[in-house]
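Colleague: Protein chains in written order, with my numbering: chain H, 1 to 121; chain P, 1 to 272; chain A, 1 to 153.
Treat the hints loosely; a few may be bogus.
[To be verified] On the chain P side, residues computed to face chain H include the following (Cβ under 7 angstroms):
no., residue
1, G32
2, L34
3, V194
4, G227
5, T238
Hints were generated in silico from the structure; no laboratory data involved.
The C-beta atom is built at its ideal place from N, Cα and C for all residues, glycine as well.
Residues per chain, in single letters:
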Amino acid sequence: MAGTARMTAADVALERVTQVPGVRGSLLISATDGLVVAERLMDGIDGRAIAALAANLVLRLGRATVGAGLQSPRFVHLRGNAGSVLAAPGTDDLVLVALVGLDANLGLARLEMLDAVGRVS
Amino acid sequence: MTEDIRSLTARLAEEPSSLAFLELGEALRRRGQLDAAYKVARGGLGRYPALADAHDLMARILGDQGDLAGAFDAWVEALRFDPMRIGALKGIGFLYFRAGDVGAALDHLHRAAEIDPDDASIAQALARIRADAGAPAPAPGINGGPAPHALAPELSETPSTEKAEPGLMLVDSNGLRLKGSLRSPRNEEVGDRVAAELAGVSKEASRTSRLLGLGAWQSIAVESAEGNLYLVAPTPETLLLTVRDPALPMAQLGLIAERAAKEAREWLEQHG
Amino acid sequence: MRALEPWVLQPLQTFLTESSARLILLMTTSGQVIAQHGFSRSFEVMTAAALGSAIVASTEELARIMGSPRFGALVHGGNRQSCMLSAFGTPRGRWIGLVVFGPETSVGIVQLFFDQMVEALVSAAPREQPAPPVLAENFERELDTSLKELFGR
């Protein structure tokens with residue numbers, strides 16, 4: 001029952017994030033394995049690739065951040081020419097990830113993700 | 001026209017290669033004749049491009065004209081030729097303070113104080129900045145968004161002696177430091193370790209961005225409770241890390257980092 | 001890296017580069033080795049191929065008994081190393097990939113690029129008559145030849 005409640009919280013979190021303008025998909029992933037836990041994606045978006053690649057990058061950046069004597073990252077933003085990947089690491093090895101276009105409201109996406117990841121972790 | 005300006009002008013006319021342009025430019029600047037001062041300084045720099053005094057003079061003139069980015073660049077040049085130039089350290093420190101980057105302002109003023117501990121103006125500036133640390137002076141353009149002239153910290157060769165000052169570091173693709181340093185909040189030198197951890201990040205970011213259809217990667221911003229990090233690649237083989245206190249807005253950190261990346265590219269071209 | 005057929009090399013190299021996997025063995029479902037990287041002794045290759053093909057066969061039988069489709073991949077996670085077994089179709093028949101990887105990568109990355117490797121293999125495989133079935137009397141000679149090829153002797 002606790003597992004079911006947790007998945008429902010995940011769905012709610014993903015729904016809120018994907019409603020932000022410009023967000024093409026959001027997913028909850030396992031950081032160590034790089035696997036999808038839950039997802040809400042537009043057609044044509046490869047959740048598996050996002051999970052694997054985002055997890056890898058977040059872990060690498062986490063090692064660098066901790067190596068600098070800082071606390072683990074709470075938000076990561078990889079910006080490309082044609083869009084961005086946003087990641088909000090939570091607890092229990094979970095990371096909330098969003099794929100956004102150039103037109104995305106990044107500020108709102110960030111706020112929603114930081115709020116949402118706290119609810120699912 | 002005052003007597004000193006007249007005589008200095010005559011001297012410069014007789015001997016165009018003389019250093020009289022320094023005094024003349026400063027005299028004109030003090031009188032508010034900034035266009036004339038600028039022309040004199042420009043002429044002098046043309047003859048003496050490696051003279052720190054000339055760059056310092058130009059920086060003061062540009063500062064008076066409101067060209068703060070130009071002033072910053074000129075003071076950076078002055079420091080390049082004379083790393084102990086107090087006027088440049090003070091000027092840059094002031095500009096950082098105006099931009100809201102208290103850490104960098106303190107860093108430069110502390111360096112100036114080490115060179116001349118008896119300079120009362122430096123002590124006063126430090127006291128003022130520390131008192132205002134919670135409410136930095138408004139930066140130009142604050143009503144319209146980010147400051148139009150983003151100031152970039154120089155890539156310091158010497159780690160700050162202050163506790164917990166964030167840093168700027170240039171790293172190659174093998175995880176080795178090229179320039180700059182980094183200290184932890186507990187004032188430990190962590191540059192080499194972080195450089196090693198960053199090896200391959202550029203390649204990883206490039207792969208992630210490409211495979212997810214995001215094009216070429218531009219930057220990575222990382223927020224943590226104790227500090228924000230910003231990564232850009234000045235060249236395909238290097239990575240520039242900028243670390244600042246989380247009180248500095250991430251967008252502003254991005255501007256600082258982009259400016260520093262430009263400087264890094266110029267440095268790499270000179271030393272590559 | 002060694003392969004019996006040269007068209008396997010490029011997809012395999014790309015997979016290794018992208019996934020950071022430590023070992024890979026490609027084989028047929030009967031355990032005949034197609035390509036390998038990372039193994040140092042032929043004995044290890046033979047053993048791994050035999051065990052890998054047997055595990056896949058057992059798993060597929062288990063899926064059949066359960067009434068479910070074939071499992072896509074089997075992953076065993078270890079403290080220092082993990083391994084993945086995955087069977088896939090090619091124009092040359094059904095093959096199996098055995099991949100061993102460490103904590104420097106992740107199962108997500110390995111699976112992502114393994115799937116890309118499979119697509120590349122399917123695309124690169126020459127469309128010609130399949131080889132005749134290997135007779136038992138020729139098997140040992142074929143295996144010995146394959147092993148020599150795979151270890152460059």
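Colleague: For each hint, tell me whether it holds in the structure or not.
Modeller: For each hint, the structure was consulted:
{"no.": "1", "hint": "G32", "verdict": "43 angstroms, violated"}
{"no.": "2", "hint": "L34", "verdict": "40 angstroms, violated"}
{"no.": "3", "hint": "V194", "verdict": "5 angstroms, holds"}
{"no.": "4", "hint": "G227", "verdict": "5 angstroms, holds"}
{"no.": "5", "hint": "T238", "verdict": "15 angstroms, violated"}
The earlier numbered hints that this structure contradicts are 1, 2, 5.
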